[in-house]
Amino acid sequence: MGWSATTRVVLGGSVAILFGVGGCYTGMQDGPGNPNAGGDDQGAADTDDDDGSGPGADGEPQGQCGALEVGLSPLRRLTRAQYRNAVHDLLGIEVDVDVLPEDERADAVGAFASNVLAPVSENIVRDYLNAAELVTTLALEADAFDPATGVLACDPAIDGETECAASFIASFGRRAFRRPLTGEEQADFEALFAAAEGTFADRLGLVVETALQFPDFLYIVELGTEGTGEIVALDAYELATRLSFFLWSSLPDDALLDAAETGDLGTEEGLRAQAQRLIDSPRARDSIASFHAQWLGIDRLPTTDKSAVYFPDYDPALATAMLRETEDFADYVLRHDDGRLATLLTASYTVADTRLLDLYGVDPAEVDDEGVAPLPASERAGILTHASVLSAHAHADQASIVRRGTLVRRNFMCQPLPPPPPDVNIDLPEPTPDQSTRERFAEHRDNPSCSGCHELIDPIGYGLLAYDAIGRRITEDGGQPIDESGTVTGLGGTGDGAFVGPVELAGLLASSEDVRACVSRQWTTFALGHPLAEADTCTADTLADAFEESDGDIPALLVDIVTSDAFRYRRITQ
Amino acid sequence: MRHAKFTRRALLAGMGCASLAPFIPMLDADAEDGGIPKRLILFYHPFGTFLDQWRPTGSSTDFTFDGPITAPLQPHKSDLIVIEGLGLRYSSTQIPGDPHQAGMALLWSGASPLDCDDPANDGTCLPEGGQDGTVGWGGGITIDQRVADVLAPPTPFRSLELGVDTRGDNIRACMSYRGPGQPNAPEIDPLQTYTTLFGDYEGDDLQVQQLMARRKSALDLVGKRLDRLSSKVSMHDRLKIEAHLDSVSAIESQLQGLAACSAPVEPPPAYSPNDSAFLMDIGRAQIDLMVAALACDRTRIASLQIKDEDGGRVDWLDPNATSFHNLSHNQGAWETLMPAAYHDFTVLFAYLLDKLAAVQMADGTRLLDNTLVAWGSAVGHGNHTMNTVPFILAGGAQGYFDTGRYLTYETGTRHHRLLVSILQAMGVSEDTFGGSWDDGAGPLPGLA
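If you read the protein sequences in the order shown, they are chains R and E.
Residue numbers for the first sequence follow the numbering used here, so the first one is 108 and each next one is one higher.
Residue numbers for the second sequence follow the numbering used here, so the first one is 860 and each next one is one higher.
Warning: the hint list may mix true and false statements.
Computed list of chain E residues with no C-beta within reach of chain R, every gap over 10 Å [as the list claims (entries may be wrong)]: (1) Arg914; (2) Ile940; (3) Cys984; (4) Ser1093; (5) Pro1127; (6) Phe1250; (7) Val1287; (8) Thr1291; (9) Gly1301.
Heads up, incomplete: computed chain R residues facing chain E, CB under 8 Å, no partners named [unchecked claim]: (10) Pro181; (11) Pro226; (12) Glu229; (13) Gln293; (14) Asp295; (15) Glu304; (16) Leu313; (17) Gln320; (18) Phe321; (19) Pro322; (20) Arg407; (21) Asp412; (22) Val416; (23) Ile679; (24) Thr680.
Covered by chain R, according to a simulated footprint, are these stretches of chain E (three or more residues, beta-carbon under 8 Å) [what the hints assert, rightly or not]: (25) 916-926; (26) 1069-1076; (27) 1080-1086.
Note that these hints are calculated values from the structure, not bench results.
As the structure is a prediction and not an experimental result, all values here were calculated from the model.
Beta carbons: idealized from backbone N, C-alpha and C, even for Gly.
Starting from the given sequences, assemble the full structure and let the hints guide the process.
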């Protein structure tokens, strides 16, 4: 099962960050906590192919960078969305995620929800008990255990209740736990069924509600292969599980479990083939949507209020349509268009419903058969000009150059920003009819304790000045014509420069190696579900380099992530 | 498609149960992590006692209830602390109210009653008995209500005030106060008590027991798997698996405790609440409901007031006897009927202890072990002495007090100290209680 040697690119002088004495940037350097890897500003990448393929002579696993190095991969509990999707796949039941424990705050794993940090509390376990009972109740209401309508592959009236239950337990258990049940587990669940009270369906319900409280369902349990030290290779079923939760935000299907069972996932070709199959499936939409909603910070938009005085047209339905536009667009770019980051950033089309097209000033008659609509050429291009992004990164009553600029700096360039110094007044200046935004925020430039950071933030935000707090194009700012000129600074290599308006801004970002490296880094974090550690640097850099080589081909990146060391191995102790 | 947040109602409906059991012990976020919450019960009867027939004989740790009044307590000896010598601080000249009025107000509040024109008083004004003067309501919060304020238990009922043959809203007939001039009148009709606590219950315990059994069988398997898994995962992950296992175990043991919660299936018989011929039946019915409410965590703070400082009649002993109050003042057949009445109050107290002891909690302890029962009276004797009021504690509040003791204090030791001890036992940090009428500080020495 040979793994091809991957050329390691050692990066010289990577771009990163240094917080200066003034509390913001004075320059840039590497740092282990910095998600911005890659982006070689010297153009002096020297190659180092010290890595032979496969295990070394001593039998220790060899990685893509010589000695295998991956960061700590803590036990993960399913997120709300993963639980919901898993239950849907298992039983065809929709569960309201509000009944589930809240996900841990995302900060620890970049922008992404992942329950890797804290052990569960009693309340969380109680929530899971109640949720499991709810799922059973809903399944019974939906006749999910009726042989005519439900998930059973047998009929208790024909095959016998005991036999039919045993076969359900085996197949349900394999899906729910993402591995075959052990003989003891199979026997335990059969005994549970046999001892339960009620109808056949009631008793299967108890099996389901018990299985849904098992750690093997609630956690992504990774014991790895036997006989290894601090770093262990995942077994085939564990790999299948990582694969499906990454690319589908849900359980593996039977085909993927079969590939684990037959050993297909043990070869790079087999693994790539399954990854490609998952990406090509419509079910990849959930993960693509989830990544983009979190990366762009728009996932909470449907519950974000706007001022009813200024924006009477804004309501939850419109906000939901905005979120959906971005999700549909990303899905379209990745699975139907060329899948390139540049397309995501600069496409002159979108996939939106009529209410949003109206907001964009697009004639619904221009929408084609696939639901694709052209955007006004000089006004909008790609995700940065989506109403979702512009609305989520604005205040309730006014737009925000700071929030929009910060989004770009943090999430597109992977350059974290410190919060404002503690002693400054950060109350928003009131909108005034005769002052432009630039004038209102003059202190950001004039006060040295502000300007260090805001020089990096505001000039990007200026490019989005022509959009109000719900992403509508406007023509005046404080009674003056809008000045959409700004500058991008701090990117190594390409990407820095002056621009006018969002289309040129998007073009600069799309040209940047650092932005590509950052997006690669974001996808890698999303895929692993844990914060990237120093030990993951090699994997992350290797992936970023391959992404650069591919000219920002995102589907190819996803396949590369799946075959990377960090994805196939796990470090079990610090 | 969206579904309403899960309710047990939905679960039961889904299980095909026609009737609902809305008080099925909740498995929700209000339940407490770690530990069974303590319960408090205040118990009262009027007119003190005959000390010579009340006090046990023997030493402080080895004693016998051989007096006729307390003989029913003999089986409960190891759960009790008998306290002799405490007095209610009373002065007919310094505070409003006659001994019955002031005693009732002082008993659990330690506070002087209100003057009629006190701003906190609602205008209710009664003449003092046998003295010139008037009195308003009690003048302070009582310990049960202070505990409820501070602990704020997440139960459906903040506290439960039950009575047996009490009459009217007046200072002699109310012993629980939310604050100065804010009495909690007791509910004296068992049928009404039932309706309030369990009236929406239409099913039977079988459904609850089935649900508990179902949960237990699920959690048993989950626990088994977690236990197995904890030895297989890495050290780093073991903490998480063990935390999960701990929580599953805690929830499972709570289920066992909750399974002991057995709500009354049938409402009690309809009594005329002030027909004293049925005093003992009504008393037992109220106690049954109170213990069920505590076991099912409908409330954690309760009081039972047997009669009041007017006294009513003693028809259950002798329908032809003079009034209880007259008896207490040595009229009629007082020599036999007063001890007989005191004895029967003890019988009800022992019945309460039996019921509390019969409820098994999650950790194998009895509900009684997790409860502090405080029994007192508003005067020491029918002759109005206030210096030797009989007090008995039971249960020990999860070991806060060592039980099985008989403590004697210098006659007239302020009972404020006992109130402070009870508050501290319940987790309320108070050093004095009763406002300016408490002239000391700290708990009762030698008790905790």
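Hints and how they fare:
1. Arg914: Check passes; 47 Å lies beyond 10 Å.
2. Ile940: Check passes; 34 Å lies beyond 10 Å.
3. Cys984: 51 Å, holds
4. Ser1093: 4 Å, violated
5. Pro1127: 31 Å, holds
6. Phe1250: 38 Å, holds
7. Val1287: The claim stands: Val1287/E keeps its Cβ more than 10 Å from every Cβ of chain R (closest is about 25 Å).
8. Thr1291: 37 Å, holds
9. Gly1301: 36 Å, holds
10. Pro181: 6 Å, holds
11. Pro226: 3 Å, holds
12. Glu229: 4 Å, holds
13. Gln293: 12 Å, violated
14. Asp295: 6 Å, holds
15. Glu304: 6 Å, holds
16. Leu313: With a minimum Cβ separation of about 6 Å from chain E (threshold 8 Å), the hint on Leu313/R holds.
17. Gln320: 5 Å, holds
18. Phe321: Check passed: Cβ of Phe321/R comes within 6 Å of chain E, closer than 8 Å.
19. Pro322: 6 Å, holds
20. Arg407: 18 Å, violated
21. Asp412: 20 Å, violated
22. Val416: 30 Å, violated
23. Ile679: 4 Å, holds
24. Thr680: It holds, given that the least Cβ distance between Thr680/R and chain E is near 6 Å, below 8 Å.
25. 916-926: This one is violated; 0 residues, fewer than the three required, reach chain R with a Cβ under 8 Å.
26. 1069-1076: Answer holds; 5 residues pass the 8 Å Cβ test.
27. 1080-1086: With 5 residues closer than 8 Å to chain R, the stretch 1080-1086 of chain E meets the three-residue bar; holds.
Checked against the numbered hints given earlier, this structure breaks hints 4, 13, 20, 21, 22 and 25; the rest are met.
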